[in-house]
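Q: Sequence order for the protein chains is A and B. Going by this note's numbering, the first sequence opens with residue 1, and the numbers climb by one from there. Going by this note's numbering, the second sequence opens with residue 1, and the numbers climb by one from there.
Derived from the structure by calculation, the hints contain no laboratory data. Note that CB positions come from ideal geometry on N, CA and C, so glycine has one too. Treat the hints loosely; a few may be bogus.
What the hints assert, rightly or not - Heads up, simulated DMTMM-like pairs for lysine to aspartate or glutamate below, C-alpha to C-alpha not over 25 Å straight-line:
| id | chain 1 | residue 1 | chain 2 | residue 2 |
| --- | --- | --- | --- | --- |
| 1 | A | K495 | B | E16 |
| 2 | B | K240 | B | D82 |
| 3 | A | K495 | B | E17 |
| 4 | B | K95 | B | E231 |
| 5 | A | K495 | B | D82 |
| 6 | A | K495 | B | E61 |
| 7 | B | K70 | B | D90 |
| 8 | B | K70 | B | E153 |
| 9 | B | K240 | A | E494 |
| 10 | B | K95 | B | E58 |
| 11 | B | K95 | B | E17 |
| 12 | A | K7 | A | D128 |
| 13 | B | K70 | B | D142 |
| 14 | B | K70 | B | E58 |
| 15 | A | K495 | B | E153 |
| 16 | B | K240 | B | D251 |
| 17 | A | K495 | B | E195 |
| 18 | A | K495 | B | D152 |
| 19 | B | K4 | B | D113 |
| 20 | A | K495 | B | E58 |
| 21 | B | K240 | B | E17 |
| 22 | B | K4 | B | D193 |
| 23 | B | K240 | B | D113 |
| 24 | A | K7 | B | E185 |
To be verified - From the structure, some residues in chain A lie toward chain B, with a derived Cβ separation under 7 Å:
| id | residue |
| --- | --- |
| 25 | P166 |
| 26 | Y182 |
| 27 | A265 |
| 28 | A268 |
| 29 | L269 |
| 30 | Q493 |
| 31 | K495 |
Here is how the chains run, residue by residue.
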Amino acid sequence: MLREYLKQEGVFLLSAGIILFFIGLGIARPDLLGAASSVVHAAILDNFSWLYLISVFFFLAFALTLALSRYGTIKLGYDAERPQYGFFGWVAMLFAAGMGIGLLFWGVSEPLVHFLQPPPFINSASSDAASFAMRYSFFHWGIHPWAIYTIVSLSIAYFSFRRGMPALISSCFYPVLGERIYGAAGNLVDVLAVFATVFGTATSLGFGALQIHSGLTHLYGLSSAISVTIGIVLIATALFMASAILGVEKGVQVLSKLNIVLATAFLALILGLGSAPYVLNVFTSTLGGYINNILDLSLQSYPFAGFDWSRDWTVFYWAWWISWSPFVGLFIARISRGRTIREFVLTVLTVPTLFTFVWFAVFGGSALHLELEEGADLAAVAGEDVSLALFAFLEHYPFAGLLSLVALFLLTVFFVTSADSATVVLGSLTSGGSLIVPTYKKVIWGLSLSAVAITLLVTGGLSSLQMMAITAAFPFMLVMIVLCYTLAIGLSQEKVQ
Amino acid sequence: MFEKTLVPVAYGERPEELMKIGKILRSLGANAICLYHVNEPGSFFRGADLSWLTLLSEALEETGLNVEAKTGNGHIASAIADAALLDGFDAIYMKAKRRWHLETMLLGSVSRDLLRLADVPVFVHKVRPRLPGSEAELDRRDLKILYATDLDETSNRLLPYVMEFRGAWCHLLHVRGRMADPLAERARQEAVDGELHAVAEELRPYFERVTFEQRIGDPAGQVLYVSDQIEADVVVLGRKSPAFLFAPMGDTAERIVVGSRASIFLVPQPGRRNAS
Numbered sequence: 001m002l003r004e005y006l007k008q009e010g011v012f013l014l015s016a017g018i019i020l021f022f023i024g025l026g027i028a029r030p031d032l033l034g035a036a037s038s039v040v041h042a043a044i045l046d047n048f049s050w051l052y053l054i055s056v057f058f059f060l061a062f063a064l065t066l067a068l069s070r071y072g073t074i075k076l077g078y079d080a081e082r083p084q085y086g087f088f089g090w091v092a093m094l095f096a097a098g099m100g101i102g103l104l105f106w107g108v109s110e111p112l113v114h115f116l117q118p119p120p121f122i123n124s125a126s127s128d129a130a131s132f133a134m135r136y137s138f139f140h141w142g143i144h145p146w147a148i149y150t151i152v153s154l155s156i157a158y159f160s161f162r163r164g165m166p167a168l169i170s171s172c173f174y175p176v177l178g179e180r181i182y183g184a185a186g187n188l189v190d191v192l193a194v195f196a197t198v199f200g201t202a203t204s205l206g207f208g209a210l211q212i213h214s215g216l217t218h219l220y221g222l223s224s225a226i227s228v229t230i231g232i233v234l235i236a237t238a239l240f241m242a243s244a245i246l247g248v249e250k251g252v253q254v255l256s257k258l259n260i261v262l263a264t265a266f267l268a269l270i271l272g273l274g275s276a277p278y279v280l281n282v283f284t285s286t287l288g289g290y291i292n293n294i295l296d297l298s299l300q301s302y303p304f305a306g307f308d309w310s311r312d313w314t315v316f317y318w319a320w321w322i323s324w325s326p327f328v329g330l331f332i333a334r335i336s337r338g339r340t341i342r343e344f345v346l347t348v349l350t351v352p353t354l355f356t357f358v359w360f361a362v363f364g365g366s367a368l369h370l371e372l373e374e375g376a377d378l379a380a381v382a383g384e385d386v387s388l389a390l391f392a393f394l395e396h397y398p399f400a401g402l403l404s405l406v407a408l409f410l411l412t413v414f415f416v417t418s419a420d421s422a423t424v425v426l427g428s429l430t431s432g433g434s435l436i437v438p439t440y441k442k443v444i445w446g447l448s449l450s451a452v453a454i455t456l457l458v459t460g461g462l463s464s465l466q467m468m469a470i471t472a473a474f475p476f477m478l479v480m481i482v483l484c485y486t487l488a489i490g491l492s493q494e495k496v497q
Numbered sequence: 001m002f003e004k005t006l007v008p009v010a011y012g013e014r015p016e017e018l019m020k021i022g023k024i025l026r027s028l029g030a031n032a033i034c035l036y037h038v039n040e041p042g043s044f045f046r047g048a049d050l051s052w053l054t055l056l057s058e059a060l061e062e063t064g065l066n067v068e069a070k071t072g073n074g075h076i077a078s079a080i081a082d083a084a085l086l087d088g089f090d091a092i093y094m095k096a097k098r099r100w101h102l103e104t105m106l107l108g109s110v111s112r113d114l115l116r117l118a119d120v121p122v123f124v125h126k127v128r129p130r131l132p133g134s135e136a137e138l139d140r141r142d143l144k145i146l147y148a149t150d151l152d153e154t155s156n157r158l159l160p161y162v163m164e165f166r167g168a169w170c171h172l173l174h175v176r177g178r179m180a181d182p183l184a185e186r187a188r189q190e191a192v193d194g195e196l197h198a199v200a201e202e203l204r205p206y207f208e209r210v211t212f213e214q215r216i217g218d219p220a221g222q223v224l225y226v227s228d229q230i231e232a233d234v235v236v237l238g239r240k241s242p243a244f245l246f247a248p249m250g251d252t253a254e255r256i257v258v259g260s261r262a263s264i265f266l267v268p269q270p271g272r273r274n275a276s
């Protein structure tokens, strides 16, 4: 009986055990946890930052090759199946997956920080730095993150909808592991996916909590003590746990859709109230620079000057996207049943990317406009505290207080909806791919997410969050390389006309 | 299969060794043997006295075989492959020689070149079956044959060769990749079992025992593993040109020939004419 339970719940027990150990270590010996994660993080960055760059470029090339090859016509489902959602509904949901705390957190601050602190071969706060800042913001949030999501979601969708296997990462390993996917080897793959999801989501939740805290401090002069940030995490946890446990998913879905509409309106408002022609010029020229330099950007780690810059930004982002990929990948897979591989890849790679470009052009471009043309000192604020940049930026617009409140509302809802969805995904990953997740698992994963976020915030704040995202993503990156291989095997067995 | 066999020889070959080879070939059905020596263009021994070749022929004739000696010129492996094809030989016999890996890497190997270039079947004699003593002869009824088949159309061409070995035990092996899902895998497994069963039925009149199995994994590795497990005397396999991307890793047949302790009977792809 016990043996059967252990076998059935192997992924859940193992991953929950590891996360619990991590949280326990963070509480009992934060110094030891900090030192251990620093060593692992440094070892990964010192030896494998090139692997992150080359792997992500490979994922992009692989996804495009599949889309444009004869396999592009294969359906993610049975041949006669039709897409479950209409094209526009599907695209809207892709937007929802792509938008989140990150866009609000980094939309203003990333271009400003690159502008102020570019690699050593570019003069700080120069026009070159502005161009570089926008180009790299596009690059970090552009087609590459979506290529990462594409690999995971395409694999899950192919193996579960077309090959009839459970929606688990381990299912995609059948061509290499065979029946061992039901044993320790398969469990290990799923544990790595859980591990990446927990730390990737906790990183985003940590960013969200930091920014909500900064917003409240900025608006209401709230204390900047870490205990307030922890309090924010706890309140948000209570909200998303209530939603996950009480089964108010429909309410959350409505809230989520409202949030997207509100975010789009927020974007339009900033564009309308600011210098639209300047922003549109920033968009156009950055898009041109991005397309023109995409190969160089993809593989550039600046080994001769600016290596640290590349490690701190590009490698961090790639790791962060990779750690998010099981979560986003599962979501995108679920809504894409019935699409062809070509339609899926080309839409996922282009539509959300274009939206993100517009977002960065509007927020980053407007911030740079204020900085360069109107003498605002936003870059210095962002350089000091990235979480404060958005609110300092909104100060330069009419109804700044109201806009800041809207931003806070958006952040809170993104926090709650992301954490709620992550809880369900983690529950599903640890319940053999089932969508019906027992409440106790939702509770455990919800609490774990918050506890990990708090532990990371307490042990080192922002840098600690970034460090864990990179560390947790590393093994999953290797899993993703194998996913490409197994997907190729699966597709090669298809009879394509 | 071995009725008219070409045996490449080089200066320094010992008559007693060649006589053992003769016995083996005779027990495998050889009637006539051609000792073939190639003069390399830059060789130190080029144009030297070839009386040693006559001595070898005379020694081999004592085993009761019709023996002739011939010489050729040019690149060794190409010349042997050309002679075998143009003079209508049934097979080429080669005794594998132990060479250091570095030496093979630097100088290349005639055997490997020949495996790549030959258009007639090549028998590479390795550790098994053991060369008989001076009196004893190899009893082909004791032979254990491992037939590695791809189960495609070209593999059918190998069947008559396998049948001619007529040994004690023929073990059929099919190595393949795993299908992408359990259902497809089960269906493939059943289909392959059916095909192997059909081939086994065709071979049953020629062997005391016929068995079959299918394995998943790297073909060369699996063939070598099974060959060692059953202590096969001869591995019969077909040879295909490797796909472009896999060429640098060496082709399956070549890897089997290098790693095997059992002898290899390698049948080239039909209709393939090499650039030799």
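Q: Determine for every hint whether it applies to the structure shown.
A: Against the structure, the hints come out as follows:
{"no.": "1", "hint": "K495(A) / E16(B)", "verdict": "violated (57 Å)"}
{"no.": "2", "hint": "K240(B) / D82(B)", "verdict": "holds (19 Å)"}
{"no.": "3", "hint": "K495(A) / E17(B)", "verdict": "violated (54 Å)"}
{"no.": "4", "hint": "K95(B) / E231(B)", "verdict": "holds (19 Å)"}
{"no.": "5", "hint": "K495(A) / D82(B)", "verdict": "violated (40 Å)"}
{"no.": "6", "hint": "K495(A) / E61(B)", "verdict": "violated (57 Å)"}
{"no.": "7", "hint": "K70(B) / D90(B)", "verdict": "holds (16 Å)"}
{"no.": "8", "hint": "K70(B) / E153(B)", "verdict": "violated (36 Å)"}
{"no.": "9", "hint": "K240(B) / E494(A)", "verdict": "holds (23 Å)"}
{"no.": "10", "hint": "K95(B) / E58(B)", "verdict": "holds (20 Å)"}
{"no.": "11", "hint": "K95(B) / E17(B)", "verdict": "holds (10 Å)"}
{"no.": "12", "hint": "K7(A) / D128(A)", "verdict": "violated (58 Å)"}
{"no.": "13", "hint": "K70(B) / D142(B)", "verdict": "violated (33 Å)"}
{"no.": "14", "hint": "K70(B) / E58(B)", "verdict": "holds (14 Å)"}
{"no.": "15", "hint": "K495(A) / E153(B)", "verdict": "holds (19 Å)"}
{"no.": "16", "hint": "K240(B) / D251(B)", "verdict": "holds (8 Å)"}
{"no.": "17", "hint": "K495(A) / E195(B)", "verdict": "holds (21 Å)"}
{"no.": "18", "hint": "K495(A) / D152(B)", "verdict": "holds (17 Å)"}
{"no.": "19", "hint": "K4(B) / D113(B)", "verdict": "holds (22 Å)"}
{"no.": "20", "hint": "K495(A) / E58(B)", "verdict": "violated (60 Å)"}
{"no.": "21", "hint": "K240(B) / E17(B)", "verdict": "violated (32 Å)"}
{"no.": "22", "hint": "K4(B) / D193(B)", "verdict": "violated (36 Å)"}
{"no.": "23", "hint": "K240(B) / D113(B)", "verdict": "holds (14 Å)"}
{"no.": "24", "hint": "K7(A) / E185(B)", "verdict": "holds (24 Å)"}
{"no.": "25", "hint": "P166", "verdict": "violated (11 Å)"}
{"no.": "26", "hint": "Y182", "verdict": "violated (9 Å)"}
{"no.": "27", "hint": "A265", "verdict": "violated (45 Å)"}
{"no.": "28", "hint": "A268", "verdict": "violated (45 Å)"}
{"no.": "29", "hint": "L269", "verdict": "violated (49 Å)"}
{"no.": "30", "hint": "Q493", "verdict": "holds (6 Å)"}
{"no.": "31", "hint": "K495", "verdict": "violated (12 Å)"}
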